[in-house]
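Protein chains: 4
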Amino acid sequence: MKQVRVGMIGYKFMGKAHSHAYRDVPMFFPKVAKPVMKAICGRSAEGVRQAAEQFGWESWGTDWRELVQRDDIDLIDINAPSDAHKEIALAAAAAGKHVFCEKPLALTLADSREMLQAAEAAGVKHMVGFNYRFAPAVQLAKKLIEEGRLGQIYHFRAWFLQDWIVDPQFPLVWRLQKEIAGSGSHGDLGAHLIDLAHFLIGNLTEVIGMSETFIKERPLPSSMTGLSAKGSGDAAKGPVTVDDATLFMARFESGALGSFEATRFAPGHRCTNAFEINGSKGSVKFDFERMNELQVYFTGDADDVQGFRRVLATDPAHAYADAWWPPGHTIGYEHTFIHETVELMQAIEEGRQPVPNFADGVKCQQVLEAVDWSIEQRRWVRIEEL
Amino acid sequence: MKQVRVGMIGYKFMGKAHSHAYRDVPMFFPKVAKPVMKAICGRSAEGVRQAAEQFGWESWGTDWRELVQRDDIDLIDINAPSDAHKEIALAAAAAGKHVFCEKPLALTLADSREMLQAAEAAGVKHMVGFNYRFAPAVQLAKKLIEEGRLGQIYHFRAWFLQDWIVDPQFPLVWRLQKEIAGSGSHGDLGAHLIDLAHFLIGNLTEVIGMSETFIKERPLPSSMTGLSAKGSGDAAKGPVTVDDATLFMARFESGALGSFEATRFAPGHRCTNAFEINGSKGSVKFDFERMNELQVYFTGDADDVQGFRRVLATDPAHAYADAWWPPGHTIGYEHTFIHETVELMQAIEEGRQPVPNFADGVKCQQVLEAVDWSIEQRRWVRIEEL
Amino acid sequence: MKQVRVGMIGYKFMGKAHSHAYRDVPMFFPKVAKPVMKAICGRSAEGVRQAAEQFGWESWGTDWRELVQRDDIDLIDINAPSDAHKEIALAAAAAGKHVFCEKPLALTLADSREMLQAAEAAGVKHMVGFNYRFAPAVQLAKKLIEEGRLGQIYHFRAWFLQDWIVDPQFPLVWRLQKEIAGSGSHGDLGAHLIDLAHFLIGNLTEVIGMSETFIKERPLPSSMTGLSAKGSGDAAKGPVTVDDATLFMARFESGALGSFEATRFAPGHRCTNAFEINGSKGSVKFDFERMNELQVYFTGDADDVQGFRRVLATDPAHAYADAWWPPGHTIGYEHTFIHETVELMQAIEEGRQPVPNFADGVKCQQVLEAVDWSIEQRRWVRIEEL
Amino acid sequence: MKQVRVGMIGYKFMGKAHSHAYRDVPMFFPKVAKPVMKAICGRSAEGVRQAAEQFGWESWGTDWRELVQRDDIDLIDINAPSDAHKEIALAAAAAGKHVFCEKPLALTLADSREMLQAAEAAGVKHMVGFNYRFAPAVQLAKKLIEEGRLGQIYHFRAWFLQDWIVDPQFPLVWRLQKEIAGSGSHGDLGAHLIDLAHFLIGNLTEVIGMSETFIKERPLPSSMTGLSAKGSGDAAKGPVTVDDATLFMARFESGALGSFEATRFAPGHRCTNAFEINGSKGSVKFDFERMNELQVYFTGDADDVQGFRRVLATDPAHAYADAWWPPGHTIGYEHTFIHETVELMQAIEEGRQPVPNFADGVKCQQVLEAVDWSIEQRRWVRIEEL
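Protein chains in written order, with full-length UniProt numbering: chain P, 1 to 386; chain W, 1 to 386; chain Z, 1 to 386; chain Y, 1 to 386.
Worth flagging that the hints you see were computed from the coordinates, not collected in a lab.
Computed from a predicted structure; not experimentally measured.
Note that the Cβ used here is the ideal one computed from N, Cα and C, for glycine as well.
Hints are supplied without guarantee of correctness; some may be wrong.
Quick list of the computed label-pair ranges, beta carbon to beta carbon [to be verified]: (1) Glu376/P - Glu385/Z: 18 to 24 angstroms; (2) Pro316/P - Glu253/W: 33 to 39 angstroms; (3) Glu343/Y - Pro316/Z: 31 to 37 angstroms.
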């Protein structure tokens, strides 16, 4: 059985999700190459040491440059803050390591293209962390489309709604600072929608967007981690430099129409990553808050029993389901990472590129920036312009 | 076009629903016999006079004995309080009038049998007001079962949940007094479930029930109508003499198992008249609070898209839908009465008994009393014992 | 009690809905001015004669010019095809009649402005048929916003999804012909969304849209009425001259962001007229296919029980509910017209303009055309440009 | 940090779920005592060897008697088929080991009492595997009841619906054989409902049940594991000796009424472990197929916004949520076992009995048998009779 020795940079929200995936793959997918958790790396010695122990890494360090040079590492997993992705990825590729990078690939399209070229030039495998593709219900949507069971696609509408910063007293965490996060709801949430659009429907040809930052200033945080943070009412304030909400419309190469909305100002939506697809033969609906379910409609159903079916994607007929529990026994958020890691391990073992890879990351970044241009210039922007 | 001249006794909640049905039938079902609203009758001259004007009756009166003797009346509609049903029905039948009686047919099985015999002896048409049969979604459930599309039926579970008397200060209206209402949740709500069971699954063979009155005393009401009433905290109190909740289990002749629950103590349920049926080939679910919908599941669906379908019973393929609005434009509670009246008018025109008729009312009463016996005697009771 | 004598032009889908509203108002809202159904008018003598009898109009005719001159008419109700609205409305106003006009007010903004000016000049009451405002659940949304219970509004997203022309063999009915219908999904469905946006959130400042006609040619119909029609596969074909789907993004004067989508190509959606509103203190969601329900979320709820509440707008606390049935007993599509008519009758009785009136119709038309411009010119269009 | 050295007997469906829990506890709950996966034991050497490697156990064996005597084991985890529970548990307790036993504790009440007495006599900690208690949404229901936020409880209705044996060709696996499984839907599914009733509402006083085996004979299986199996149409058949469905009604000591139904013949329900509770101040609803959600209703909500709230139990205010992902990022079936194991580790560390323990297992068995008696004797049975 082949093994893949992993060195990971980052140890917070995504670091925890990735670590757990590495732990679970050998147990639930024993036939794929086994990830070996060699080393974890982060800026805070105390934080990373504790993470190493808690998550089960063999070793830890604070110098990622050293990590990417280690001989006993096959794969570098990058889930540090977004502004660090590029430099690490370039170094890892240069060192001949496979690279698994969290989304967004980079802060700019140019940077992400540089990363793709570097990975290709180095001949390594590369993957980008669009984990939502790997929900079994999303895989089912893909299957229905590929098999033609939804017919010609007319509409893709998607929205990623959250509410964790609705309170104006929520502090100015790094995700609200452009120089670290690149963008706000657009790059964080919209990027997932764009990738799902690419995965499910295909390429876009043109876009036009709009954007808003509802709360312009926020208290500086006293501490932060993941999506949570502590602030205080009398703290000094700093400017929010990313978008709170970004919407855009799009056309697909196939002729389908697209509608996208990403916002962190939708009270009641903790994590509504949702889409609906309408085709000539049927429709599907997905909402990540009920991630085990896909709503499916077929125009060909008998006249008196037409209606959206609530399909629980936990049957043997569904992707990855056999590895888990009996039908009706649902899985959760972390499983998207496990399935993603399965794809990565399989691709490395089979000597092929995993999907989604840096090319998908570039394509996503291209759309993100096209939307940015369309907002700045108040006009439709063709994707090929970038 | 045949006409049916109607004289109605009762003018409150049910009187309003019936009146509206008589008004709407000629407009939406112009091909069936036309009900003519000749006369309305009630105890309070002022109340009935106002109702006559508001609802559109040609005349009004306070003496139902006079009404049932009028030559220009073909059909007597009885929706007075339950304790008055029998006497009026007997008189109407004796006078050769067709009789449409709200449920429960009578306060006792013996009385209801007497009513059936009288109607049969008189050779008149008779109907009982189990209006929920006439929701298009319920009709769809019936069709699926009759066509064998659910296979052999294993389970019928039904519950009618309301919450209008959860407040202990809610006053002692007539529906909480045994001598007028006959019973509480059992006869009021459970009766509908029993009729739906008969309609959809067939006859029961044996039952066992349990029952409770959670609030034993309530303030005497200062005024009351329909389901609403006014009381006051310092009013004198009187004993509640009916059940607040009654549950029972049952076996059907077909071998199916039944589970029934009627309660007025289920906060959050304004009018959850709901059932689920499981058969060897599929299942259906219905909830009156979403009365336009039937959830339908087929075991024969393709492996990867099995799931309950939310069928909106507003398509041309659904009962009564053609008379109303385009697909997706829903109907409401009052439409069950309109459809019920369509059946009544058609039956009279065609010279056949409408369905459900007094025989169905008797059958329902038989089960209600069998459950009562089973509660008193703490044992299974066979329906044929009564 | 005041009476309002009505003359109506049109007798098909909307004519039926309006007629029923006039019939039901006196029964369920006996305290408002009573509509008297004096005369109905249409092009086909046989059709209108039959409608008069079936719907309960005192008289009928085929010449609307004659109708608007009758002395015994107070109100002209226009629900003829859209291209006839303007001429009739101008004549009715000139004759001193109040005017109730179905949406869209006219085929162009200029025409609709002319209609508003004529009605104002004549000093008559005028109303436009945006009936969805009158669903109790929509009224509840309005109340929550007006009382500040949702806080500052950030997002309004709305979509009106239907599927009745997904089949390419569905014939070329008048609603698919620009010269009669004015526009397709945009004017038919999007107009309702725009009006709801105006009603609930306020004025828009700028828009940008996109549009598509997926099926360019369809069989010529052999007969048609309402939303249904008969065609045949070997019929000659004609060009579809309206949009199958139109989307647009918008900004509101208040700073809120808007997203709108109208399509007839969404299989599984018979009549999904839906919106969601997100504010600083809460959110609401509405879907017309479950028109009795409003989903309501408050950020101020206790930490451990935050979630969207499914409010069934049938309680005494909800608009219009007292006139109908006990809580939990739902109403349907036609009730929106009844409530709309109540507003019209009340306004006429009180000597004030009803809401929504022609000014609202103009405002809606202004947005519709601004979107059209933005599509043709591929740019953001400010509402004030028109 | 304290460690608990585990020896486990069983390695299939439950063995996998338990193993994963032991693996995940140290990562997600680093502050509780750490389970150390010392040894796994099963009848098939090849099967258990493979499981040991895949699940991460340090050693494996086929002789459980040897295992329970090992000095380096603190805790024996029993998830072998039900007929083996008692003997192993007695031996483990005699050897001074803590015991964690899957439900049902034993095949009979007498056996389960013997197990409890043995564990108490030995002074060891004991736990029984009612894992559904540990869904955060169920914990929330418990909290609301304990804090009095639902008021006095009137109703508990629960049903566990599955459909995995609806096909008559599904083979005669061990779960359908009384001598191994003890009972069918009653002991397998109903037992969970009974435990939830005890956990949430309290003790029962009397019960009456009914039961059915719809398919009397099934093909003998060629192989089986977990809930899946392979059979063939021409295989010899054997009798099904357990119930396909069992229903019962009950009274609680508190005066509440209970309704229970367990069936494997409910097509469309893969794993609907659901309950609803109605109290004087509110209601809650739970369905395991949407295990992250609790529907919550309060009578005290403002008049115009009363409705069931869909609470996603993934907020910091919810049990166990802090250990996982940000709000809205759901968890799955396996997490109930992880939380259960957290309770077990904490109890051992703190020197107290875990909850639920063998006393809860006995209480559950007592109700199961009382229901069995009530079915055989066709009468109400008081729990204290047993």
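- Message: Does the beta carbon distance between Pro316/P and Glu253/W stay inside 33 to 39 angstroms, or does it fall outside?
- Response: holds, 37 angstroms
- Message: Within 18 to 24 angstroms: is that where the Cβ-Cβ distance between Glu376/P and Glu385/Z falls?
- Response: holds, 21 angstroms
- So does Glu343/Y sit 31 to 37 angstroms from Pro316/Z, Cβ to Cβ? Violated, at about 46 angstroms.
Checked against the numbered hints given earlier, this structure breaks only hint 3.
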